[in-house]
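Following the hints, complete the assembly by docking chain R with the ligand onto the known chain G.
First to last, the protein sequences are chains G and R.
Once you know that position 32 of the first sequence is 39 in my numbering, the rest is easy, because the numbers rise by one and skip nothing.
Once you know that position 185 of the second sequence is 199 in my numbering, the rest is easy, because the numbers rise by one and skip nothing.
It should be emphasised that the hints constitute simulated quantities derived from the structure, not laboratory data.
Mixed in with the good hints, there may be bad ones.
Label-pair ranges, simulated between beta-carbon atoms [as the list claims (entries may be wrong)]:
| hint | chain 1 | residue 1 | chain 2 | residue 2 | range |
| --- | --- | --- | --- | --- | --- |
| 1 | G | E200 | R | A294 | 35 to 43 Å |
| 2 | R | Q142 | G | A42 | 50 to 58 Å |
| 3 | G | G63 | R | A49 | 40 to 48 Å |
| 4 | R | R352 | G | T144 | 48 to 56 Å |
| 5 | G | G63 | R | P350 | 24 to 32 Å |
| 6 | R | L330 | G | G141 | 54 to 62 Å |
| 7 | G | A60 | R | G164 | 53 to 61 Å |
Small disclaimer: the values here were computed from a predicted structure and weren't measured.
Backbone N, C-alpha and C define an ideal beta-carbon position, used for all residues, glycine too.
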Amino acid sequence: MPDRLTGRTLVIATGHDLSLALLQDGRLLAHRDQAMVKGHAEALVPAIAELLAPFGGPACRPEHVVVETGPGSFTGLRVGLAAARALALAWGASLFGVRSTQLAAATAPNDGRLLVVLEAPRGQIWAEGFEGAGRRTILPPVAISPDEAAGLANGYDHVAGSAPALMRDGVAAQPPRAAALAQLEPGALGAAELLYVRAAEPA
Amino acid sequence: MTLVLGIESSCDETAVALVTADGRVLAERIASQEAEHRPFGGVVPELAARAHAERVGPMVQAVLADAGLALSDVDAVAATAGPGLVGGVMVGLVTGKALAFAADKPLWGVNHLEGHALSPRLVAPELQFPYLLLLVSGGHCQLIAVEGVGAYRRLATTIDDAAGEAFDKVAKMLGLGFPGGPAVEIAAQHGDPKSVPLPRPLLGSGEPHFSFAGLKTAVLRAVDSGRYAVPDIAASFQAAVTDCLADRTTRAVRAMPDATALVVAGGVAANKAVRAALEAVAVQHGLPFIAPPLKLCTDNAAMIAWAAQERIAAGLAPEPDPQARPRWPLDLSAEPVRGAGVKA
Ligand SMILES: Nc1ncnc2c1ncn2[C@@H]1O[C@H](COP(=O)(O)OP(=O)(O)O)[C@@H](O)[C@H]1O
Chain G
8 MPDRLTGRTL VIATGHDLSL ALLQDGRLLA HRDQAMVKGH AEALVPAIAE LLAPFGGPAC
68 RPEHVVVETG PGSFTGLRVG LAAARALALA WGASLFGVRS TQLAAATAPN DGRLLVVLEA
128 PRGQIWAEGF EGAGRRTILP PVAISPDEAA GLANGYDHVA GSAPALMRDG VAAQPPRAAA
188 LAQLEPGALG AAELLYVRAA EPA
Chain R
15 MTLVLGIESS CDETAVALVT ADGRVLAERI ASQEAEHRPF GGVVPELAAR AHAERVGPMV
75 QAVLADAGLA LSDVDAVAAT AGPGLVGGVM VGLVTGKALA FAADKPLWGV NHLEGHALSP
135 RLVAPELQFP YLLLLVSGGH CQLIAVEGVG AYRRLATTID DAAGEAFDKV AKMLGLGFPG
195 GPAVEIAAQH GDPKSVPLPR PLLGSGEPHF SFAGLKTAVL RAVDSGRYAV PDIAASFQAA
255 VTDCLADRTT RAVRAMPDAT ALVVAGGVAA NKAVRAALEA VAVQHGLPFI APPLKLCTDN
315 AAMIAWAAQE RIAAGLAPEP DPQARPRWPL DLSAEPVRGA GVKA
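So that you can see chain G by itself, here it is in the shape it has in the complex:
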């Protein structure tokens, strides 16, 4: 994956809220975040148009498009991927994927072990465990119950993400934000392929 994102990068995150960012040479130019559970399909393209309007609208032609790949809402992620693919094709931009958990991890402390916990449907939690400054994955993305997540958290130095009940003192819960890509190593990006991590059916 790329060692640097030269030129402009559009970041589309639709697995949780509707979150967009525009980067220039890897640094944040603009972002737009909207709390959203449903309705990404309706809101997404107008929101992208609004974000890019001060930068020439469609003529802004970013060189790269990065799309959130999950874990997150299947419908939201799919809509984000569809838009990202279409925009990359139209602009001749390169296309990469970033996991929701990577975005949520990007703004958290990077010493020791970090557990990212994201709210999933039916009261479940999506979790991924990271270690060290390089954010090596030590627990691949899973869907678990809040109790299991709380148990897991005991083995971690830090907890970040969007599940308020699991946050430690002084840490605010926040869903993945597109703007956090500015804090990520481009080498951590992957393919634009969705991760369908299903939350368990209620027993």
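Using the frame of chain G, we list chain R with the ligand on its own:
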């Protein structure tokens, strides 16, 4: 000349096509999801949406490459906005919107049923309004007076199952697999259509509509009785559906004296017995019979692009920011019909 890129993703076919204003299909691709859905004996909406999301972008690229064109050569983008499985519709529509935004072109949100209704004019340019359309697919069974672009009068619809749905369910009962229509037709070739007594719901009825639920139940009883061979049941069922379609269509032809032609579209129009019976109805009433080629009868993107071309030629403007709609009747003034649901 105006060039439209069309995208279709409302059911289990992902399709992309490039169509000119004079009805030339410069390139088109269709990816069927049959293999994904076969193990479940029907279309699974979540799987359909996933497959559309994986395929539609690369297919747009492939179709442009097939035609040796770039997106900048396209004058407008058209995507199905409904009716259909909304997860898939969203994927195609958002793709269309993003392409249109990035290339700074207009976007048309097309009614899939309008695509079917106007598709015969893509292959039969001499076809004049008004004509009578029988739309018989897995999701719809309707008789429509097509009076002009955007002017549709629903004469009849199903009050329960669509005809294709009945074929699919009967195929399942007979253990013939999915998709059921073609399998039932093949099995029927070796059967006697008179061997199993089956009802013809609403045949000769004063109301204009279709009904297939009672027929389906009667087939289930025949299967459970253990008295009949599979080919005989298949042939008898096909004959009953054919009789119903021909009877209801005859009624509609009489109710539409100014019709210039009888046109049939939708997957069930592939059935040879059905086609022959409908052609006989047309001949009997002195009307030309038009059945577009199969690939235009079933879900495709050429008809979506073409519907936009028809609207452009008629001087209409695209609806601003169209949204995905699971239900979108062609004739908004048509009375709701009990049991029709999204099929209306
Ligand atoms: N030879 C046939 N005989 C009867 N029904 C058929 C035949 N071929 C296809 N069908 C039916 O047509 C339907 C598919 O048509 P299509 O226009 O793609 O419909 P939809 O998109 O509404 O599912 C299915 O229900 C299928 O069983």
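Going down the list of hints, with the structure as the test:
| no. | hint | verdict |
| --- | --- | --- |
| 1 | G:E200 to R:A294: 35 to 43 Å | violated, 52 Å |
| 2 | R:Q142 to G:A42: 50 to 58 Å | holds, 53 Å |
| 3 | G:G63 to R:A49: 40 to 48 Å | holds, 43 Å |
| 4 | R:R352 to G:T144: 48 to 56 Å | holds, 55 Å |
| 5 | G:G63 to R:P350: 24 to 32 Å | violated, 48 Å |
| 6 | R:L330 to G:G141: 54 to 62 Å | holds, 57 Å |
| 7 | G:A60 to R:G164: 53 to 61 Å | violated, 32 Å |
Hints 1, 5 and 7 from the earlier list are contradicted by this structure; the remaining hints agree with it.
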